[in-house]
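J.: With the sequences and hints as input, model every part of the structure.
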Amino acid sequence: MDSLIRRFPPDERFTKNIMAVNEVPARAGEYCEIPSQLSDAIKDILADSNINKLYSHQGEAINQALAGCHLAIATGVASGKSLCYQLPVLDSWLRDNESRSMFLYPTKALAQDQKRELAELLSRLMEISGKPCGGIGIYDGDTPASQRKMISQRSNFIFTNPDMLHLGIMPHHTRWAKFFSNLRYVIIDEVHTYRGIFGSHFTNVIRRLKRIAAFYGSHPQFICTSATLANTSQFITKLIEEEVQVIDKDGSPQGRKSYVLYNPPLVNRELSIRRSAMLETIALGEYFTETDQQSIIFAHTRRMVELIVSYLQRNLKNPGSVLGYRSGYLAKQRREIESEMKAGDINTVVATSALELGIDVGGLDVIVINGYPGSIASTLQQWGRAGRTGADSLGILVAGSDLIDQYLVKHPEYLFKGIPEQALINPDNPFILLHQLECALFEKPFRSGEGFGALTGAETDQYLDLLQKYGKVHKSGDKYLWKSDTYPASSISLRTTGSGEYLLQCEGLVIGKVDEASAYWMVHPQAVYIHNGQSYLVMELDFEKHLALLDNQPLDYYTQSISRTDYELLQETGRDKETGADKYQGQVRVERQVTGFKRIKWGSQEILDQASLEMPVTEIITMAYWFSPTDETIEKLKVSGNWNNTPNHYGAGWKKLSEKVRSRDGYACQNCGISETDKAFHVHHKIPFKQFVNRYEANRESNLITLCPTCHRLAEQEAYVQSSLAGLGWLLQNIAPLHLMCDRSDISVDVQQNSNLTEGRPAVIFHDTVPGGIGLSTRIYSQHKKILAQALEIVNGCECSAGCPACTGPVAESGEGAKVKVKELLKYLVETDV
Amino acid sequence: MFDLEKILKDTLEDKRIKKDIYKNAQELTEVLPGKYLNKANTVYKAEYIYQLPLAYGSSQLTRFNIPEIILSWAGIEKAVPLNKLLFYDTETTGLSGGVGTWAFLTGIGRFADDQFIVSQYFMLDPGSEDEYLSELAKEFTDDIIPVSFNGRSYDSNLLNSRCIMNELKPFLTNQPDIDLLYLARRLWRKELGRCNLGYLEEQLLGIIRDPQDDLPSEDIPELYFEYLETGDAGLLDRAFKHNVSDIISMPVLFALIAEMINSQKPEGIDESALARLYRDLGYEIEAEECFKKGLTGNHADICRAQLSYLYKRQNRLSEAIALWEEAAESEIYARIELAKHAEHKSKDFSAALEWTQQAMKLAYELEFVDGRQIFELQKRLNRIRHKIERNIDN
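Chains as they are written, first to last, in the numbering used here: chain E, 1 to 834; chain B, 1001 to 1394.
Source of the hints: derived by calculation from the structure; they are not laboratory data.
Small disclaimer: the values here were computed from a predicted structure and weren't measured.
Where a beta carbon is used, it is the ideal one built from N, C-alpha and C, also for glycine.
Among these hints, one or two may not hold up.
As the list claims (entries may be wrong) - Below, a sample of chain E positions facing chain B; criterion: calculated Cβ distance under 8 Å:
{"#": "1", "residue": "His-172"}
{"#": "2", "residue": "Thr-174"}
{"#": "3", "residue": "Gly-471"}
{"#": "4", "residue": "Ser-476"}
{"#": "5", "residue": "Leu-570"}
As the list claims (entries may be wrong) - Listed next, the in silico DMTMM-like pairs over lysine to aspartate or glutamate satisfying Cα-Cα at most 20 Å (straight line):
{"#": "6", "chain 1": "E", "residue 1": "Lys-660", "chain 2": "E", "residue 2": "Asp-678"}
{"#": "7", "chain 1": "E", "residue 1": "Lys-479", "chain 2": "B", "residue 2": "Glu-1131"}
{"#": "8", "chain 1": "B", "residue 1": "Lys-1009", "chain 2": "E", "residue 2": "Asp-465"}
{"#": "9", "chain 1": "B", "residue 1": "Lys-1009", "chain 2": "E", "residue 2": "Asp-428"}
What the hints assert, rightly or not - Covered stretches of chain B, going by a simulated chain E footprint (3 or more residues, C-beta under 8 Å):
{"#": "10", "segment": "1089-1096"}
{"#": "11", "segment": "1160-1173"}
{"#": "12", "segment": "1203-1214"}
{"#": "13", "segment": "1219-1227"}
T.: Given below as structure tokens:
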């Protein structure tokens, strides 16, 4: 074991599970003078607090801000990012008492915290400068109606969130006339959270904000703070549609840091089952608590947090030193926890990601993350909580059994190189844009050719003309005016594209949520929903209340929904040749209906039974990417599909039964028509034997057919190709989110044997699940080869024998030997000379 | 670029209007005789002159004297000639609020000696809103007092907001105004429950609007949008009439209130409301008079209660006690007040105990058994018992 990992338990029971270690040497702080252009009053309060220098990035940010640049500050966790915008904002107020600034936070709790900080600085400035201030106002859903008018008219500093800006401020901007006329700065904190649909909407809200501010004669300067992203500059430029200076050279000092990827030991190699991540996390947590190393343990859900806390408390000598932390605590409670941590009264905090966003608990010795949090950015953010000034610290990721977790611990470069996700947005998604233009139009009439944000006049007018055609717009001369008695913002949520979410509720507690389309296949009635290793049975899916009622039950089976998906090509936007396949992209209409489900036994993967369901049809128009293996590839696959499958045991009466079927079929091949001569023909299962619950079902005469050896081989080859594709589909569905750095539910992968997107040829189809798309399919189209290479690497690296949930999927789903088949297929698609 | 319509067809709500059914569209000048005010013929004014007195429902529109108390309530210090009142009311494209709503029709009414003149400003095309608002602004000169029904929180905000949107100076700011809704609420909320204009007309002015000549406010936006598409002014006929009725109802209602105050005969209304208005504005002598008159009317109970509180505040305790004793038969407040008086002033704890028990008894007999009230009474009871015990101990 690397001697440098000082804080890790030395016991071999733990060290043998270390998959990778990354050591980051200590870094000295870089400092600079306090920028001379700052107002004297600000210099005075800094001096009063004995601050006579700043971190280099803070100095740079303040200088750039004072020079009028739009900024993105993307330095590390706890590097003093807030100060980078607080000082310029306060400076602008000192110079112009009427100036106004807006602070946007993704959550209400963050706004509360930050308001308190600004208020402290402001009160000292008021004292020194003797200038009166219109105050700081929080304007969100909780603001009492009686205070709203005063806040909108008088406050110099407004703390709010994007939803409130969209719904409560912009549509009433005349009440905020003074605010908009004097709008100097817009601060966007934690800007990396505005990705996907939320970010695409948010960009449009910013467009609206700038449009209205311009109407009142102001052009605010934007300062954003962000976690590090792969595309910080590009993303933020696209989000605020301004040229942005990125400040990411962190000048704050850091102690030595060690990062460890930890994989719970295998308990069943055949099925690739590992010891539970949670139990390993608890064992590690006990060690750190007992050795007095302050730590945070991050878990995915509140329930998991509670479980870990109760285990730890049960085993520890001093249970009071362990505390659970969840979102929803009031500011006061949070302050108490923070100070108790700082005082050392609490040794271990177990938290959900609520603690990840900007709550200050100071630096800690150890961070343990129980299961990959779903994004690299989150992982880095959580690890970033470790390390008080100068001291060394340790960050551990305990891998779960999911494909992504397992992939990451075997490919440490993803986390260690620290290259986080790209944040993707598509503000010009037609569904989002249409609704946002309605809001913009409500706020102020458009002139023909005016444009909207980065959208040209012609593009904008196309939407406005369409709205006019459908009677929602009145055109007068070259002006478009909103013509409806509705208030468009009230029916548009920034966080979705319209369809609602379903809450998953168990014993009165919400344990998660899924979007409407996913609800139908994930939590249909009687589905088994797996959540953090716990199985839940869906008791009821309430379409009206958008609620799935779950019951936490230990079950020895899981369910797999059966659905019918139809694609209709609306417009092809690209096609190209790749190794062994043709790839395409375009706009499609996707119609999907869940028609039933199978119950499958854990372990043996035996199908217990199958039931049908009546679920609503969902239909979306979105962007898709698909590829189709060439005839040559299929041919190669068929040829290699030799008869090496273990023979099925068809049952005692098989001989008699097959005789009966052959007799029924007149001893002739039902495909080509030739008759038996000396050797008996084969009897083939139309639906493969292994997909049945019991052999009586499989051996029903209607499922049996006489085929000559040649035709039988063809039929089996078809099945072989089919099962290769199914396994590949499973694999791609699982790695696409990692590859694209998106949420699992943002992209969907289907496999079709006779796809009408490819004129009846087999196809693997990816589509954005957000109507209109947020650019995921397009990205994957351009990285076709890369994702398939990654897929092959996963199959090659997996320790299971015939396929498991961490590679090509459970055997029952993809068929026996899917792993071999998928490997084969991938080889033809990745390697040029096979 | 994609075929947007194909993609968005299902998302777009189709609000198109079939124009071919409007072959016989009516011209604005036929429906509403008046004149265009701008070159583009998009801002229009119609005027109606009514000779006074004008019969209106069971009431009539006549000149009246504005009672001092109303001016004082509205924060106006000097007397105002009737001709300086400017009654106004807007018809808008939506009731949900927000800057996407326009006022396309504004009615203005004013007294001119023995006449009442109603002017209607109509915007044929929202593209000319700036000209429309500029014309309106000419009516709202500095020396007038705007009178509205809910204008304080709705019409004035909307018009001001429209001015800001058109880069014009808002014209309904910083001047005292009279909002009849606020006044009506003070006077009749108890008696009538709701105070929307239609209901007040029905209850107080004896007017039931003829559906032929009127329509619900919420139907108006759709008709205006339809007019914009088709140019058929006939669609708006009832909206124009509706607006005129609103304008005339305001001075009639105002006159009724004035008459009531001036003559000190608060007939047909809750006398206590008028008395409370006096009281709240510091006219305690008038208030007392008014409450006393009410003691024989339909609202005797309320008047007695309010009068007793007025006495209590003025420290005229024996008069207050007399009223409470009168009311104690059926009123819980009276029993509680007597209990309080016995406990805190006369220190007669056994009387206090007796009245509290009586109050408690009544609290349980009421139709609505108020848990909080009973809880409060129980606390009082315990406290008094405690005091009695302590007295005995001493």
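J.: Can you list which hints this structure breaks, lowest number first?
T.: 12
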